[in-house]
Amino acid sequence: MGRTLQNTMINLGLQNACDEAVYQLGLDMEELEEIEEDAGLGNGGLGRLAACFLDSMATLGLAAYGYGIRYEYGIFNQKIRDGWQVEEADDWLRHGNPWEKARPEYMLPVHFYGRVEHSASGAKWIDTQVVLALPYDTPVPGYMNNTVNTMRLWSARAPNDFNLRDFNVGDYIQAVLDRNLAENISRVLYPNDNFFEGKELRLKQEYFVVAATLQDIIRRFKASKFGSTDTVRTVFDSFPDQVAIQLNDTHPAMAIPELMRIFVDIEKLPWDKAWDLTKRTFAYTNHTVLPEALERWPVDLVEKLLPRHLQIIYEINQRHLDHIASLFPNDVDRLRRMSLIEEGGTKRINMAHLCIVGSHAVNGVAKIHSEIVKTQVFEDFAGLEPEKFQNKTNGITPRRWLLLCNPGLAELIAEKIGEDYVRDLSQLTKLHEFVDDDLFIREVAKVKQENKVKFALYLEKEYKVKINPSSMFDVHVKRIHEYKRQLMNCLHIITMYNRIRRDPAKLFVPRTVIIGGKAAPGYHMAKMIIKLINAVAQVVNNDPVVGSKLKVIFLENYRVSLAEKVIPATDLSEQISTAGTEASGTGNMKFMLNGALTIGTMDGANVEMAEEAGEENLFIFGMRVEDVTELDRKGYNAQLYYDRLPELKQAVDQIKSGFFSPKEPNLFNDVINMLFHHDRFKVFADYEAYVKCQEKVSELYLNSKAWTKMVIRNIAAAGKFSSDRTIKEYARDIWHVEPSDLKIPPPNEPRDAAQDKTPNGTAA
Numbered sequence: 001m002g003r004t005l006q007n008t009m010i011n012l013g014l015q016n017a018c019d020e021a022v023y024q025l026g027l028d029m030e031e032l033e034e035i036e037e038d039a040g041l042g043n044g045g046l047g048r049l050a051a052c053f054l055d056s057m058a059t060l061g062l063a064a065y066g067y068g069i070r071y072e073y074g075i076f077n078q079k080i081r082d083g084w085q086v087e088e089a090d091d092w093l094r095h096g097n098p099w100e101k102a103r104p105e106y107m108l109p110v111h112f113y114g115r116v117e118h119s120a121s122g123a124k125w126i127d128t129q130v131v132l133a134l135p136y137d138t139p140v141p142g143y144m145n146n147t148v149n150t151m152r153l154w155s156a157r158a159p160n161d162f163n164l165r166d167f168n169v170g171d172y173i174q175a176v177l178d179r180n181l182a183e184n185i186s187r188v189l190y191p192n193d194n195f196f197e198g199k200e201l202r203l204k205q206e207y208f209v210v211a212a213t214l215q216d217i218i219r220r221f222k223a224s225k226f227g228s229t230d231t232v233r234t235v236f237d238s239f240p241d242q243v244a245i246q247l248n249d250t251h252p253a254m255a256i257p258e259l260m261r262i263f264v265d266i267e268k269l270p271w272d273k274a275w276d277l278t279k280r281t282f283a284y285t286n287h288t289v290l291p292e293a294l295e296r297w298p299v300d301l302v303e304k305l306l307p308r309h310l311q312i313i314y315e316i317n318q319r320h321l322d323h324i325a326s327l328f329p330n331d332v333d334r335l336r337r338m339s340l341i342e343e344g345g346t347k348r349i350n351m352a353h354l355c356i357v358g359s360h361a362v363n364g365v366a367k368i369h370s371e372i373v374k375t376q377v378f379e380d381f382a383g384l385e386p387e388k389f390q391n392k393t394n395g396i397t398p399r400r401w402l403l404l405c406n407p408g409l410a411e412l413i414a415e416k417i418g419e420d421y422v423r424d425l426s427q428l429t430k431l432h433e434f435v436d437d438d439l440f441i442r443e444v445a446k447v448k449q450e451n452k453v454k455f456a457l458y459l460e461k462e463y464k465v466k467i468n469p470s471s472m473f474d475v476h477v478k479r480i481h482e483y484k485r486q487l488m489n490c491l492h493i494i495t496m497y498n499r500i501r502r503d504p505a506k507l508f509v510p511r512t513v514i515i516g517g518k519a520a521p522g523y524h525m526a527k528m529i530i531k532l533i534n535a536v537a538q539v540v541n542n543d544p545v546v547g548s549k550l551k552v553i554f555l556e557n558y559r560v561s562l563a564e565k566v567i568p569a570t571d572l573s574e575q576i577s578t579a580g581t582e583a584s585g586t587g588n589m590k591f592m593l594n595g596a597l598t599i600g601t602m603d604g605a606n607v608e609m610a611e612e613a614g615e616e617n618l619f620i621f622g623m624r625v626e627d628v629t630e631l632d633r634k635g636y637n638a639q640l641y642y643d644r645l646p647e648l649k650q651a652v653d654q655i656k657s658g659f660f661s662p663k664e665p666n667l668f669n670d671v672i673n674m675l676f677h678h679d680r681f682k683v684f685a686d687y688e689a690y691v692k693c694q695e696k697v698s699e700l701y702l703n704s705k706a707w708t709k710m711v712i713r714n715i716a717a718a719g720k721f722s723s724d725r726t727i728k729e730y731a732r733d734i735w736h737v738e739p740s741d742l743k744i745p746p747p748n749e750p751r752d753a754a755q756d757k758t759p760n761g762t763a764a
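In full-length UniProt numbering, the protein residues as written are 1 to 764.
Hint data in this document are derived by calculation from the structure and do not stem from the laboratory.
A couple of the hints might just be wrong.
With a straight-line cut-off of 25 Å between C-alpha atoms, the simulated SDA-like cross-links for lysine to any residue are [to be verified]:
id: 1; residue 1: Lys743; residue 2: Ser426
id: 2; residue 1: Lys204; residue 2: Ser339
id: 3; residue 1: Lys367; residue 2: Glu292
id: 4; residue 1: Lys416; residue 2: Asp741
id: 5; residue 1: Lys743; residue 2: Thr138
id: 6; residue 1: Lys416; residue 2: Glu443
id: 7; residue 1: Lys199; residue 2: Asp178
id: 8; residue 1: Lys273; residue 2: Phe221
id: 9; residue 1: Lys728; residue 2: Arg152
id: 10; residue 1: Lys374; residue 2: Leu335
id: 11; residue 1: Lys527; residue 2: Val545
id: 12; residue 1: Lys268; residue 2: Glu292
Pair by pair, the computed Cβ-Cβ distance ranges are [said to hold, decoys possible]:
id: 13; residue 1: Leu25; residue 2: Asp178; range: 44 to 50 Å
id: 14; residue 1: Ile744; residue 2: Gly344; range: 38 to 44 Å
id: 15; residue 1: Glu20; residue 2: Asp178; range: 48 to 54 Å
id: 16; residue 1: Tyr172; residue 2: Glu738; range: 54 to 60 Å
id: 17; residue 1: His95; residue 2: Glu738; range: 39 to 45 Å
id: 18; residue 1: Arg202; residue 2: Asn97; range: 19 to 25 Å
id: 19; residue 1: Ser470; residue 2: Ser657; range: 47 to 53 Å
Just so you know, even glycine gets a beta-carbon here, dropped at the ideal spot from N, CA and C.
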């Protein structure tokens, strides 16, 4: 979520009043804002997307709730020591959190372990261990519409009789100390992005958030008078018409068997009725196609922790496979491929298959990704129910990612096209009229320059490096992962360095290359990549021949509040994943909206950015998905590129020989070995096209006016990438609710109690 103060002031229309009031108290608002901690309760794009969605849902007047876990420790703070990443605990609640309100009156029990007893009256889950879920509510204000929604995060608490009700030897002290065991569930965020770690505590977290949330939803459903004459509602027929639940990846997939358990075991609905209601309630968003990221939980772990849920999953699977077998008799291979249970070695539950079977809609997050989902990853399922599969291209909230972080640009745009674009970003197309307006061109360039100067001062303060603010700010910020190819950027840096050294007198367009992002603590290769970047920076930044032509900075502890500083100051945005690996990306959209140009592959939302702005207004290079597929078919041989490309060979040899690590010449052996022998993401295959494309970038940067005109064309084409547009599509195509841009009356004006802010009362 990042910080809340400035976002709240903007959405409430109070920023100027607050700035003035604080100034009159002799304080500086910006200094005050810097004191707030980021709420870093997610890992990368997926978590930030949810935050943007909450802002858009409130702004569109949807009655929507965001549910998650109130981690005591969020994503780790990253320190760089001697070029290596070191993790520190993110004790973000140390000074309290003024935005949250604990709601003990809505505390709910969550059950674990135990056993299942079958009888004539149905299944009973008994002898369980109970953990309490305590909700904390954070307000989510819409933009200038007097709507405030709720983000409800669950914290784990031990019941007061924890370990004391048992036939206990009377060790009262130990019993109280053991409360920590239950409360550890919400202690810490698992720091992996795009990687599945099948740990028991993680499965506990996933079930914890799901079980508490579903009880909360059902409590609210039963209490609502809408379309019901009963004081307490017992008929669930209208449940899917009143409730829509969107699964953000497979992490909350246990919600499907949990809702079935509630309907069948507790509410005593017949299976077929329960299953129909469940499917119509859930929809699933897929966020990655990387096989190592797909959740596959061992059956024996689920059996121990959630025995009844395993039985329900088996029953869902049996009925699912019976259906497939009736359509495709004797096709055992198809049954194996489509089963929720993977046999062979340890039996595992494929959570994506569970989500597809248990949902009425499945979507990818960019056109190209949704196609890959349909034709490759889940082709058997899409062949069976093509109407179930959709696309919903991701977006970003223009409130945080333009108004808040780049007020200079936001104001400049408002002067030209009015202020309405903030709620309807498609209006940015009106800027096309000003693409040849010399004054506007100069003003856009001036805002960018001011942002760069401000960020350069920040860098000089934090990193003690002198930055040339007129150099091209070439920025690559995102989680560190092999598929995102920070290594390819690193090879380009080394190539630029070698070119300067070979011919120091030759014209070179000065660059400040900024790379930032966190590596999962257990991801060895990602940590080596960070060390390599820092080792290269050490050499480049201290070579007098290079001087101010090339500087390399590794941005420490990249997070939302730092993104808000670096993105508005960026000239060139690096979006260089291997085609077919980045589901969408959202950083790409933030840079586009803030006046950076993109160098990128035809991957994720880059494809649609090029479609909107015109391919000639992005620097697109490298293999397309088809080329990658073809190269896989032929067999990728890294050695061929190394032998054919002298500059690539030179850069690789320098890393290999210890040019960047003279004290430890073999330090980067693992990286070199990976690049030659098991590089799934084919860095060498795109190196030549990347370097040539970068030459075109430098050439255009020399012509400030032509560069800025291309920037304006990009900003004018960024309207599609508002999360408001994304949420309207979810609302209409999946949730079946109508967004409203009606401003509800402020609380100080009386309003007719009968007026509901949404005509259709479904809660998402």
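Against the structure, the hints:
Taken as a hint, the Lys743 and Ser426 pair is honoured in the structure, with Cα atoms around 20 Å apart against an allowance of 25 Å. With a CA separation close to 24 Å, the supplied pair Lys204 and Ser339 stays within the 25 Å bound. The suggested pairing of Lys367 with Glu292 holds, with an alpha-carbon distance near 22 Å, which does not exceed 25 Å. The straight-line distance between the Cα atoms of Lys416 and Asp741 is roughly 23 Å, inside the 25 Å bound, and the hint therefore holds.
Of the supplied pair hints, the one linking Lys743 and Thr138 holds, its CA atoms being roughly 21 Å apart against a limit of 25 Å. Distance check on the hinted pair: Lys416 and Glu443 sit about 11 Å apart at the alpha-carbon level, within 25 Å; holds. Simply put, Lys199 and Asp178 have alpha-carbon atoms about 20 Å apart, close enough for the 25 Å limit, and the pair holds. Restraint check for Lys273 and Phe221: the C-alpha separation of about 18 Å stays at or below 25 Å, so the hint holds.
Of the supplied pair hints, the one linking Lys728 and Arg152 holds, its CA atoms being roughly 22 Å apart against a limit of 25 Å. Using a Cα cut-off of 25 Å, the hinted pair Lys374 and Leu335 holds, with the two alpha carbons roughly 18 Å apart. Our distance criterion of 25 Å between C-alpha atoms is broken by Lys527 and Val545, whose separation comes to about 29 Å. Distance restraint check for Lys268 and Glu292: the Cα-Cα separation of roughly 38 Å exceeds the 25 Å cut-off, and the hinted pair is therefore not satisfied.
One distance hint, 44 to 50 Å for the beta-carbon pair Leu25 and Asp178, holds here, with the actual separation near 48 Å. Evaluation of the 38 to 44 Å hint for Ile744 and Gly344 yields a failure: the beta carbon distance comes to about 56 Å. Between Glu20 and Asp178 the CB atoms are about 53 Å apart, so this pair conforms to the stated range of 48 to 54 Å. With their beta carbons about 57 Å apart, Tyr172 and Glu738 fall inside the hinted range of 54 to 60 Å.
Look at His95 against Glu738: about 42 Å separates their beta carbons, and that is inside 39 to 45 Å. The hinted range of 19 to 25 Å is satisfied by Arg202 and Asn97, whose Cβ atoms lie roughly 24 Å apart. The hint said 47 to 53 Å for the Cβ distance between Ser470 and Ser657, and at roughly 35 Å that hint is violated.
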